[in-house]
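Protein chains: 2
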Amino acid sequence: MNVSQTCKIEITKSLVSKINAVDFENLSFGSVFTDHLFECDFKNGEWQQPVIKPYAPFLLDPSSRVFHYGQAIFEGMKAYKDGSDAIWLFRPDENFKRFNKSAVRMAMPEVPEEIFMSGLNQLLQLDKAWVKKGSGNAMYIRPFMIATGGGVIANPSTEYKFMIILSPVTSYYSGEVKVLIAEHYSRAANGGIGAAKAAGNYAAQFFPTNLANKAGFQQVIWTDDATHTMLEEAGTMNVFFRINDTLLTAPVSERILDGVTRKTLIDLAKSENINLEIRPVLVSELIEASKNGTLKEIFGSGTAAVVSPIAGFSFQDIYYELPKIENTVALQLKNKLTSIQNKLEEDKFGWTVKI
Amino acid sequence: MNVSQTCKIEITKSLVSKINAVDFENLSFGSVFTDHLFECDFKNGEWQQPVIKPYAPFLLDPSSRVFHYGQAIFEGMKAYKDGSDAIWLFRPDENFKRFNKSAVRMAMPEVPEEIFMSGLNQLLQLDKAWVKKGSGNAMYIRPFMIATGGGVIANPSTEYKFMIILSPVTSYYSGEVKVLIAEHYSRAANGGIGAAKAAGNYAAQFFPTNLANKAGFQQVIWTDDATHTMLEEAGTMNVFFRINDTLLTAPVSERILDGVTRKTLIDLAKSENINLEIRPVLVSELIEASKNGTLKEIFGSGTAAVVSPIAGFSFQDIYYELPKIENTVALQLKNKLTSIQNKLEEDKFGWTVKI
Ligand SMILES: Cc1ncc(COP(=O)(O)O)c(C=O)c1O
Ligand SMILES: Cc1ncc(COP(=O)(O)O)c(C=O)c1O
Chain Z
471 MNVSQTCKIE ITKSLVSKIN AVDFENLSFG SVFTDHLFEC DFKNGEWQQP
521 VIKPYAPFLL DPSSRVFHYG QAIFEGMKAY KDGSDAIWLF RPDENFKRFN
571 KSAVRMAMPE VPEEIFMSGL NQLLQLDKAW VKKGSGNAMY IRPFMIATGG
621 GVIANPSTEY KFMIILSPVT SYYSGEVKVL IAEHYSRAAN GGIGAAKAAG
671 NYAAQFFPTN LANKAGFQQV IWTDDATHTM LEEAGTMNVF FRINDTLLTA
721 PVSERILDGV TRKTLIDLAK SENINLEIRP VLVSELIEAS KNGTLKEIFG
771 SGTAAVVSPI AGFSFQDIYY ELPKIENTVA LQLKNKLTSI QNKLEEDKFG
821 WTVKI
Chain X
471 MNVSQTCKIE ITKSLVSKIN AVDFENLSFG SVFTDHLFEC DFKNGEWQQP
521 VIKPYAPFLL DPSSRVFHYG QAIFEGMKAY KDGSDAIWLF RPDENFKRFN
571 KSAVRMAMPE VPEEIFMSGL NQLLQLDKAW VKKGSGNAMY IRPFMIATGG
621 GVIANPSTEY KFMIILSPVT SYYSGEVKVL IAEHYSRAAN GGIGAAKAAG
671 NYAAQFFPTN LANKAGFQQV IWTDDATHTM LEEAGTMNVF FRINDTLLTA
721 PVSERILDGV TRKTLIDLAK SENINLEIRP VLVSELIEAS KNGTLKEIFG
771 SGTAAVVSPI AGFSFQDIYY ELPKIENTVA LQLKNKLTSI QNKLEEDKFG
821 WTVKI
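Chains as they are written, first to last, in my numbering: chain Z, 471 to 825; chain X, 471 to 825.
Just so you know, the hints here were simulated from the structure itself, not pulled from any lab data.
A quick note: this is a predicted structure, and the numbers were derived from the prediction, not measured.
Among the clues, some could well be false.
When chains are identical, the list treats them as one kind, so a pair holds in a single copy or across two.
What the hints assert, rightly or not - Using 20 Å as the maximum straight-line C-alpha spacing, the simulated SDA-like pairs for lysine to any residue come out as follows: (1) Lys733 <-> His654; (2) Lys684 <-> Pro626; (3) Lys483 <-> Val521.
Please put together the full structure from these sequences, using the hints given.
Next up, the structure:
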């Protein structure tokens, strides 16, 4: 992988920076954006001149396909600043590949690697003052693509816009997370788009998640839609279960997003000699393990929340509380991961890429 | 139902009409829009002043939730001009109710009936010169709502835009339609959003539909995602099957859109004394009926295509051709329906509403 600067980008700088107006100690996740954005349009069958320009609203026709037929995909990744002010990306090749996998599934054009990588690189260079160092601080990076072609007929657009926007974030503290295991609602179908980071997958979860929130749960753990017996993933996280000293996580599938954090934690667990099984995990075995005291931990993994411990889960109106233990595997893996991301520890895996 | 004019709309007229530049004999479906659009924003927990203004692109922030999380719903309906230049809507209450059902499922605010109906009414009044009379001609009406609130965090927006745009259309001729029965891909999950007219449902179908197109089929008939044994619906149409003299169509469910044309055809079939069964229809019985010669017709129903006869279907690489028969039930029902819509026949059902 190579974060190239080879792609020629037309750059228009903003006249004044908004940075002084930002309270970096009190950032609400994903709500503040840097001075610039990267943009590249696709039309007449090809990608046009990429540009970097001041972050600003842009014009769209009311009949744009993204509004009517939901052709929209995105990625979520982070950049970190080390002690000597260098900026590092974490496994950007994985996000790039997944972005194009999503593009194919949503009948959208793939973005060339040079455009994706040089856009990322040069945008971060330009807004590097916005990347703060220190534990928990990161630049959340949001590459996304939308269908801009007009016409209210349900077929793929011929025009698209690929953009990258940047949002500085601090560590994501969500309080105690209790989850509801889905018994009726679902996020993905067999043969559907669950494995794509498609916009439509997220809105689909809001209503059932609101119901869970009202019942006192912060998240839903989705199950397979046909039988609701297999534990799949949370809203924006993959999930791990620890029974005795074995970590369990579902294999990725057409219904489950192939999370970068998930695959990283799998590699870290292996290198830490933690037992790990990648296999379908049943709701029934979770309940049994909770009852007989062998269920030790549940945690989610994702770019935004990193590793998020879960305090308990509910299924069929029964709440199962997890034991409060010290020295959790969740914390062990999280510390390993963030040390590598923040360049506090040698990256023997080659995951970090300097821009 | 009442197409009220009670809601006060702020109207800004366009200075020049685009109508003279339009070739009404050669309209490509959903590609031409009238001079004006209706718009109403939702913010601070309430709907704001509705406006009608010239059709034009509008500004959105790059972080708008519609781009990232797919909160977007729509409706599709038609208006018709009768012999004396009056304009009629067809069952607008059904579209209104379905729109708000979609809104609830996508965690979006419901649109008040006065706003929906007076928007529709006054917009059509203003652009009435664009509604052409004569068989097949209609004004396709596209109400839609998108999440406009900014922020790259996966939760519901607090701001929305509801719009109505109008596109004059002629009869929809799609040529001979051969369909592929889905064996792997799916459009909806149990407990998912298949029953909502959510933007994300459509983009999900583009890739498998492209594959079908390449194999020589114009449409896919979706099956249930768990077993692929039950016939559900086509891309933007519900489906009917005629075996001997009985019409069959699947019951609507969480996976299937409750089509207005479908329910209308059901009522028309009853009033024409056609046998009709609303029950799950199996792929296996379709194949058996095709083999033993009892399968007479398959047709799709939807606002855009009205009634669309299907020439044959493929399943597991075998193509089953339908008999070419005259006096089809499809044609009988289509003629009944369009006569009522175009006010050529008495509407004893009370489906047509004058604006
Ligand atoms: C549905 C879903 N599952 C899992 C994840 C975790 O993936 P990653 O670790 O690549 O961030 C995400 C998102 O970021 C997601 O949206
Ligand atoms: C998925 C789907 N099924 C069926 C239909 C038919 O519904 P209606 O008859 O209300 O147009 C439509 C759309 O218009 C649709 O989008």
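Using 20 Å as the alpha-carbon threshold, which applies to Lys483 and Val521: within, between, both, or neither? within (11 Å within a copy, 36 Å between copies)
When Cα atoms must be at most 20 Å apart, do Lys733 and His654 count as within-copy, between-copy, both, or neither? This pair counts as neither: shortest intra-copy Cα distance 28 Å, inter-copy 26 Å.
At 20 Å max between alpha carbons, let me know whether Lys684 reaches Pro626 within a copy, between copies, both or neither. Result: close only across copies, 14 Å inter versus 38 Å intra.
Going down the numbered hints, you'll see the structure goes against just number 1.
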